[in-house]
Structures are given as structure tokens and as C-alpha cells.
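Chemist: Given next are the chains, with one letter for each unit.
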Amino acid sequence: MRPLSMPRYCVAMLGFIIQRLLQSLLVMLAMSALVFAGVYAIGNPIDVLISPDATQQIREDAIRHYGLDLPLWRQYLAFLGRLLAGDFGRSFVFDIPVLELVLARLPATLELALASVLIGAFIGIPLGIYAGYRPEAASSRAIMAVSVLGFSVPTFWVGLLLILTFAVNLDWLPAGDRGPVVEVFGVGWSFLTAEGLTFLILPALNLSLFKLAMMIRLARAGTREIMLTDTVKFARAAGLAEFTILRRHVLRLISIPLVTVFGLEFASTLAFAVVTETIFSWPGVGKLIIDSITSLDRPVMVAYLVLVAFLFVTINLVVDLSYALLDPRLRRGGRA
Amino acid sequence: MTNFWRIYRENWVAVVALAVVVLVVLAAVTAPLFAPQDPYDLAGLDLMDARRPPGYEGSGGFVHWLGTDAQGRDLLSAILYGLRISLQMGLAAGAVAMTLGAALGILSAHLGGWVEAVVMRVVDLQLSFPAILLALVLVAMLGQGKTQLIIALVAAQYAYFARTAYGAATAERQKDYVEAASATPLPGWRVVLRHILPNCLPPLIVVGTVQVANAIALEATLSFLGLGLPPTEPSLGMLIANGFPYMMSGRSWISVYPGIALIVLIVAINIVGDQIRDQFNPRLTR
Amino acid sequence: MSALLEVRDLHTHFFTRAGVVRAVEGVSFSLARGEILGLVGESGSGKSVTGFSLIGLVDPPGRIVSGSIRFDGQELVGLPQAAMRRLRGARIAMVFQDPAATLNPVLTIGQQMALAVRAHGRASEAAARDLAARTLTRVGIPDAAARLDAYPHEFSGGMRQRVAIATALLHGPELIVADEPTTALDVSIQAQILAEMKKLAKESGTALVWISHDLATVSSLADRVLVMYAGRIVESGGVSETLRAPRHPYTRGLLDSLPATARPGEKLNQIPGSTPSLLALPPGCPFAPRCPRADAACATDPPDVVTGGRLVRCHHPLAVAA
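From first to last, the protein sequence lines are chains G, Y and V.
Mapping to the working numbering: the first sequence position 280 is 280, numbers consecutive.
Mapping to the working numbering: the second sequence position 114 is 114, numbers consecutive.
Mapping to the working numbering: the third sequence position 104 is 104, numbers consecutive.
Read the hints as simulated data drawn from the structure, not as lab findings.
Bear in mind that the values here come from a model prediction, so they are computed numbers and not experimental data.
A hint or two may mislead.
Label pairs and their calculated CB-CB ranges [as the list claims (entries may be wrong)]:
#: 1; chain 1: G; residue 1: Asp177; chain 2: V; residue 2: Thr16; range: 55 to 61 angstroms
#: 2; chain 1: Y; residue 1: Leu33; chain 2: V; residue 2: Val20; range: 53 to 59 angstroms
#: 3; chain 1: G; residue 1: Leu25; chain 2: V; residue 2: Asp143; range: 39 to 45 angstroms
#: 4; chain 1: V; residue 1: Gly157; chain 2: Y; residue 2: Val264; range: 53 to 59 angstroms
#: 5; chain 1: V; residue 1: Ala18; chain 2: Y; residue 2: Lys146; range: 29 to 35 angstroms
#: 6; chain 1: G; residue 1: Leu14; chain 2: V; residue 2: Ala100; range: 26 to 32 angstroms
#: 7; chain 1: Y; residue 1: Ala171; chain 2: V; residue 2: Gln81; range: 37 to 43 angstroms
#: 8; chain 1: G; residue 1: Leu22; chain 2: V; residue 2: Phe15; range: 53 to 59 angstroms
#: 9; chain 1: V; residue 1: Thr183; chain 2: Y; residue 2: Val264; range: 31 to 37 angstroms
#: 10; chain 1: V; residue 1: Val20; chain 2: Y; residue 2: Lys146; range: 37 to 43 angstroms
#: 11; chain 1: V; residue 1: Thr307; chain 2: Y; residue 2: Asn3; range: 54 to 60 angstroms
#: 12; chain 1: V; residue 1: Ser257; chain 2: G; residue 2: Phe122; range: 53 to 59 angstroms
If we take Cβ atoms under 8 angstroms as the criterion, some of the chain V residues that face chain G in the derived model are [claimed, not checked]:
#: 13; residue: Phe15
#: 14; residue: Ala83
#: 15; residue: Arg86
#: 16; residue: Arg88
#: 17; residue: Gly89
#: 18; residue: Ala93
#: 19; residue: Met94
#: 20; residue: Ala101
#: 21; residue: Asn104
#: 22; residue: Val106
#: 23; residue: Leu115
#: 24; residue: His120
#: 25; residue: Ser124
#: 26; residue: Asp214
Cβ coordinates follow ideal geometry from the N, Cα and C atoms, glycine included.
All chains, please: the whole structure from these sequences, using the hints.
Modeler: Set out below in C-alpha cells:
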């Protein structure tokens, strides 16, 4: 098998990217249809568009303005059109455009999610590799017990325990809120100051617990499998030190499935952020959605759902592409 | 079955976990018989007893071993009744999700064609989508109540069962004896009932055990967020949420004890589920 | 001349749940520098486990229970892991059966070989690549320097095995253990690799333990042959005498089952029965149940019969042809 020439390689890669883009577009379309069905079939759509305390006249104007008297498929097209234009309406509670509201809250959630995924990866992968390398050791069993807990214990309860221990009893870290942020490119970040970091630690830890458990489990399973392969035996036969084998061979081999999960987990982290943000009063989109559910701020709910779906699809796409970069066997577009 | 138990017995952690599950279930079922107080009977509550620490003897003339909550409820009774609701929700949601998921999975595997393509595509898409978000949205749309909550939990969980049943059924479909059975004039559904369903059961039971624990955790999370059951029927999640504001002032027991009950139940079910999985998984039996 | 490798009464057992598998049971042999030894047997005969015992890579639950492996005067049994690791790849190297499984699919050839270079001492990036390229050229890979940046899947099976052999040769080892290195390859490629190996071993004076189930390969390559059955050596001797006139009925049976010895159209003479389970071997000769010459005497352990540098472990050895 000769390697493809450069132009042919690029064409194969381009085809792969286009194929994935089309798929993502299709999923987005399906998601928008679901959100449309959810909001329009279950609730009265007018409730999503204007405040419930509007007068009868405004209601009727709005029905005509938004075309709610039109057939369903035309309504869906109109809904799609508004989505594409980024028009999600105005929040009833804050009375500002929903898109503006959500985008203003998004950096806080992204920072939290990123911090927790990083914690999960940087602690979980080494622990998992160790547990997979020495499956019988007592320390490995302890690591696995932690991961079982991380999987089964609900996030909110761990959050409470963290607050109880580190904020109430020890009084080391703040119990909630975001604290000071540093503005970079017009967006505030917590991790840039020491004080901001103290506010970030507990929520990030809380949110990372599930990823940590997941990373441990995956890294362990992968390592156990790879340790039995001839690749490892051959490396040993060449006299490589065990640590080098783990760091260079095993880590690279398990990183392919880990990157996929890492990406997908980042998406689900955004969802779990709902719980963590509520407990720690972290001013992100997760807290916003809970607040808007309790206050029936429906435009915000729609915007949040569409946004999460969009992020989700985008992350899936990025994961697929980075997968192709990590695995040289896929890079030729052969098995894509 | 006796053989199954003999291997199970070797893992004492799993034996303890099983004992805990049985005890908790028994305690929850028989709670009305021995709980010191009916926590739903608002007339029986006295606000003078609110937020008392464990061991306090209240106006009812009995000792609140685990203290009282913000409404003056005996926490021990509230936890026992809360466990009842948590178990009810978890088991009901788990059973419905398992039936629905198994039916969808087996049917897709059996019918094939576009049914298989569409159902499994949706299932896969849903599996990659966080369950909690789906449940959250459904509860937000449907409103509060037991039925609504169960619908939300089922919608969030059926996909796991469908995936599992589908996997087991397709593996089974490829085996010779099913092909042979399909060649005989038995109607298709009898092949499903006689051959495919029994072989899908072990993996479904494993997933089912863990999913009941997940349903309990999910219900607690939703209730904690104030989106679960109405306050008239406080589940464990809501008890924890109610105690949360008092945690800062040092009255942590209101949250901690219901939380411990919740964790013990969930972890015990998970350990039992893990053990069953290990025993069903032929790759691990050395 | 003193032997490079001296194996005495080696026992390697696997402690499984089902019981103790005595994979290697009292194996002894020696190997001179530059000598090529063929280790022959069916799968499960313990030949691979013997090979892994030599470089100290027996996977748990297996371990060397007793015996001695002296390499250039140094005892390897019981040697600390760190000392063993310094020997591996530097003085004793190994080549495996399936090159598709041994090379890491996500690292380039250059990266993997550089790791092997640096396993035994510091080397700059350039020096490591240079050594790798030169060794690849030695094993017959054209345009080696450019191929360093290729991934294993961009090579053919035969080329991959050459890469694996080059990796084993990097530090100029005195001993290479080759575990069925041509089994996974096409016949034409097999012949090339065999010729290449023979040439390399002779050029560099490297001793070779060639493990194979294929008598034909061994006959064209080895100086001496060891035939293993059920963890024991049943026959050994110079390759031409042994294979021309085998003395053990098992060796005879192996030869008779070769396609080359059968006339066209004739049925191959497979040895009846199958290799016994090593979990519960009955006392006596383990080959007796399948042996055409077996009688009551075979219920006791067969003696080692040594004649003129040849060894056979049998109560009823075949007569040496005149």
C-alpha cells in the first residue's frame, strides 16, 4: 500500500470534512424540528413569543405577525428563519434579547466546563492508566472505588458535601458565586486571578467528578487491554522502561477513544453544569435555564436548547475531525 | 441459580450491598408501621420543633433521633417516606423504560429495514445527549407530578435498554438456532419470545439494576432543583434541597441525613449491579 | 569455545485458576555464539514460552519456577527487573510473529525505533534517526531515511517484519529470539526474510533462537534443532542428521505430515490425536497416547539417549539409518 500523494490526500480529507458537515447539518435540522415540536405542540406557541400579561390586542397582532395562523410547515420554516437570524425573541424576565442574555452567560459556563474537563483528564487519565497497569494492587482498587462513587453519587450531593467541608467547616474556599473576573476580549474570566480561582475550584471539582470517574474507567480498560498486546511485549523486548512504555505507547493508543469521550463529555458537562451552577450560584447558562424554567421564561428555554444542540453538534464534528488527526490509519480517508 | 449465588457469595462487599438494598427496601415498604410520625400530615407538625438537632425530644413526646427539618418534621420519618417515593419512582421508571426499550430494541433487531434504521438512529442520538437535560426539559414542559416525572425519567432512560436489547438480539439473530427456528413455520413472534427474549434478559437485568439507581439519582436531582415532585410529597432530593439554605448556619443535618440515605441506597444498588454484570460477563470469568 | 547461552533444567509454569500449567518442564540446551538454533514443536509445546523465558518476559500468571539460564556467564533467572531490562534490546533481542500487532499503529517507524535506541543510552534526535535509518537499510528497506516518517500501516507485511527485525538489530545484540517471525507472511516473502536473517546472523555473529512449527523453515536456516513436545525436549541434534534420520517417533511424525515429503495426490500423514492438556499430564512419556511404537514401558519416564551429539528422549528410538 503506497501512501496517497498530497493532492489526493487533501481531496480525501476534504470529502471527509464535507460529509461530516452535512451530517451535522442534518442533526441540527432534526434538533430544531424537535424543539419546534416540543415548544409548539406541547405549549401554546404564543406563550413563547410574548409575555403572558400582554393585552388581547397585542396577542392577536403577534399571532398575525409571527404567522401562527399559517400551516404548520410554513410556521416551522419561519421558526427556522428566525433561528438562523439569531432572533430568539426577548426574555420576559430580563426584557433584553435572549441571544444577548445567553451569550453573556455563556463564558462563565464554558470556563467552568473547561476547567472540570481538564481536571477530569489530567487526574483521571494517569490514575486510570495506573489502575490498568496494576489491576490487582490495593491502590488500584481504591481508585476504582472512587470511580464507582463518581459514577453513581449524584452531582448535587457531592456539591453539597464540598460546600459543607471546604466552605462551611474548614472555611477555606467560598461557597458560591463567581467572585472577581478579569476582562479579556470583552469577556470576564475567573482563572486569571488567585481570588477568582478560589471561586472556580469547588464548582469545577464538583463538575469534574463524573468525568474523572469516566476517564479513570476508560483509561484503565484501555490500558489493561493494551498491556496484553504484542506492541507492549515488543517494546519491552526492546528494553524500554515501563514508564516510557506507558507514556509513549499506551497513552498514545488510549488517547484515540479518550479524545472522543473527552469531546462528548464536554458537551454533557454543559448539561451537568445546570446542577453545579445552581448549587454554587455560578452565573452561567445552566443557572439561567433553571431560573427561566421556574419563572416560565420560555424564549430563554428555546434559545438554550437550540444553543446546547448547536454546541453539541459542533463538538461532535470537532471530535470526529481530531480523531482523524490522531489516528494515522484514518487520515487517508480510507475508513472514514 | 444456586450456582449464581455461590459465586456471588464470594464477594463480601456485594453481599453487604445486597443486604443493605433489601433492608432499605423493607424499611421503605413498612415505614408507615414504625415511623415515629406521618410527615405528610401537616396538622401533626409543630413549627416550634423546626430545625432541632438530632436527639431533641419534641412536642410530640418522642425523640427526633435525626433532628427535624425547617417545618418541624421528624427527619427520620421524612427520610423513610422519602425513600418510599424515591424507590417508587426509580422502580416504576426503570420498569417502564425497560419494557419500552426492550420492545423497541428487539423489534428493531427482528424487523430490520427502515424500522431498525430509524429507531436505532434516534436511540444513538439520544444516548449521546445528556439524559438530565432531556428530563429537565420534559419536566419543564409537562409540569410537576408523579406521572410527568416518570415520563421524563423513562424518556431519559429507555434508550439504554433499547441499545442493550438491540445488541443482544442482533447477536442472537446471527446464531444458527434462531435461523433454524425462523426456517420452521413458527410465527415470528414466537421466535422472539422463545429464543431472542430469554437471551436478552441477562444484559437487560444488568442495565436495569444500574438504571434504577440512576433513575433514583435523577429524580433526586430534579427534585433538588425544584422540578421534581410537588412539595406535598417530599422525596429525598427535596428534603436535601430544603435543608441546603440552613447548611451555612451549621444546621447541616437537615441535608446530610437524607443525603446519606440516598447515597447508601444508590451505591448499594450499583455495587449489586456491578457484581451481577461481572458474573454475566463471560469474558471476565477466568 | 564457551557457550553464549546455557539453559539448564528450565521449568516455567502458569498458575491459572484451573490449575498449574507446566508449559516448560526441564528444558536444557546450550547455544554457541553465532549459532542458529531451531526450536520446533506444535502449538502448545512450550516453544514460545521457552523463548519468552529467555528474555524474561513470561506474562503472569506464568513464571520461571526453577532452573538456570546463563547468558555469557551471567545468571538470568532471578535477575532484578532493571538489570534484565538493560539486557533486553541491547544484548538479547526478540522478534515476534505478527508485525501488524507488534508495531504501534499510531507512532511513526522513526518514533518507535528512536524509543528503542534511547532505551539504552542517550542519543540526540538526529543520531537516533541516523542509526534507525542505517539499520533499516541493512535489513533491505529502500529509501530508509524517508520511510522513517511513515506509519506501520503504510508498509506491507514483509516490510513491517523487516522494521521489527531492524528494531531488534539496533544495538547489535548477541542473541535474537525469533518467535515464528515468518508465519504471518506470504511464502515468497518468508524465503526472502529467511535468507536475510541467515545473512545478518552470519555477518554480525549473532546467535539466533528460531522458534517455529515449520520444519521446512528450520531445515533451511538452522545449524541445530530442538524438538519440543508437551514442555519437554524430545529430540535434539544437528539439523541435517536430525531431519534426515529422526530418532524420536514424534519428529518422524512431524516430518511425515510435511507436504514436501508426501507424493502428489497422497494423503498427508497427520499424527493421530492432538497435543495433550498440560494441566494434568499422566506420568510417563507424554507422546505415548499418539505414538505408534508405544508399549507398556512408555508408562514410565523415558530416558535421555545420547549418541554422537544427538539426544533423544524415548524408550523405543528409531534406529539411525546407516
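Chemist: Each of the hints needs a verdict: does it hold here or not?
Modeler: How the hints compare with the structure:
For G:Asp177 and V:Thr16, the Cβ-Cβ distance of about 58 angstroms falls inside the hinted range of 55 to 61 angstroms, so the restraint holds. The hint said 53 to 59 angstroms for the Cβ distance between Y:Leu33 and V:Val20, and at roughly 57 angstroms that hint holds. The given range of 39 to 45 angstroms is respected by G:Leu25 and V:Asp143, whose C-beta atoms sit roughly 44 angstroms from each other. The hinted window of 53 to 59 angstroms between V:Gly157 and Y:Val264 holds, with their beta carbons roughly 56 angstroms apart.
A C-beta distance of roughly 52 angstroms is found between V:Ala18 and Y:Lys146, which places it outside the suggested range of 29 to 35 angstroms. The hinted window of 26 to 32 angstroms between G:Leu14 and V:Ala100 holds, with their beta carbons roughly 29 angstroms apart. Range check, Y:Ala171 to V:Gln81: about 42 angstroms between beta-carbon atoms, so the 37 to 43 angstroms window is met. In this structure the supplied range 53 to 59 angstroms holds for G:Leu22 paired with V:Phe15, their Cβ-Cβ distance being about 56 angstroms.
In this structure the hint that V:Thr183 and Y:Val264 lie 31 to 37 angstroms apart at CB is violated, the actual value being about 56 angstroms. Here the CB-CB span from V:Val20 to Y:Lys146 is close to 59 angstroms, at odds with the stated 37 to 43 angstroms. Checked against the hint of 54 to 60 angstroms, the pair V:Thr307 and Y:Asn3 passes, with Cβ atoms roughly 56 angstroms apart. Taking 53 to 59 angstroms as the suggested C-beta distance range, the pair V:Ser257 and G:Phe122 conforms, at roughly 57 angstroms.
At its closest, the beta carbon of V:Phe15 sits 13 angstroms from a beta carbon of chain G; the interface hint therefore is violated under the 8 angstroms criterion. With 8 angstroms as the threshold, the beta carbon of V:Ala83 stays out of range of chain G, its nearest partner Cβ sitting at about 11 angstroms, so the hint is violated. The beta carbon of V:Arg86 is positioned within 8 angstroms of a beta carbon in chain G (closest approach about 7 angstroms), and the interface hint is therefore held. Interface hint at V:Arg88: satisfied, since its Cβ lies 4 angstroms from the closest Cβ of chain G, which is below the 8 angstroms cut-off.
Restraint check, V:Gly89 versus chain G: the minimum CB separation of about 3 angstroms is within 8 angstroms; hint holds. Restraint check, V:Ala93 versus chain G: the minimum CB separation of about 7 angstroms is within 8 angstroms; hint holds. The interface hint given for V:Met94 is met, as the beta carbon of that residue sits about 4 angstroms from the closest beta carbon of chain G, less than 8 angstroms. For V:Ala101, the shortest C-beta to C-beta distance to chain G is roughly 4 angstroms, which falls under 8 angstroms, so the interface hint holds.
With a least beta-carbon distance of about 5 angstroms to chain G, the hint placing V:Asn104 at the interface is held under the 8 angstroms criterion. With a least beta-carbon distance of about 5 angstroms to chain G, the hint placing V:Val106 at the interface is held under the 8 angstroms criterion. Given hint, V:Leu115 at the interface with chain G, holds; its Cβ is 6 angstroms from that chain's nearest Cβ, closer than 8 angstroms. Nearest Cβ of chain G to the Cβ of V:His120: about 6 angstroms, under the 8 angstroms cut. The hint holds.
The beta carbon of V:Ser124 comes no nearer than 17 angstroms to any beta carbon in chain G, farther than 8 angstroms, and the hint placing it at the interface is violated. Using the Cβ-Cβ criterion of 8 angstroms, the hint placing V:Asp214 at the interface with chain G is not satisfied: the shortest such distance is roughly 19 angstroms.
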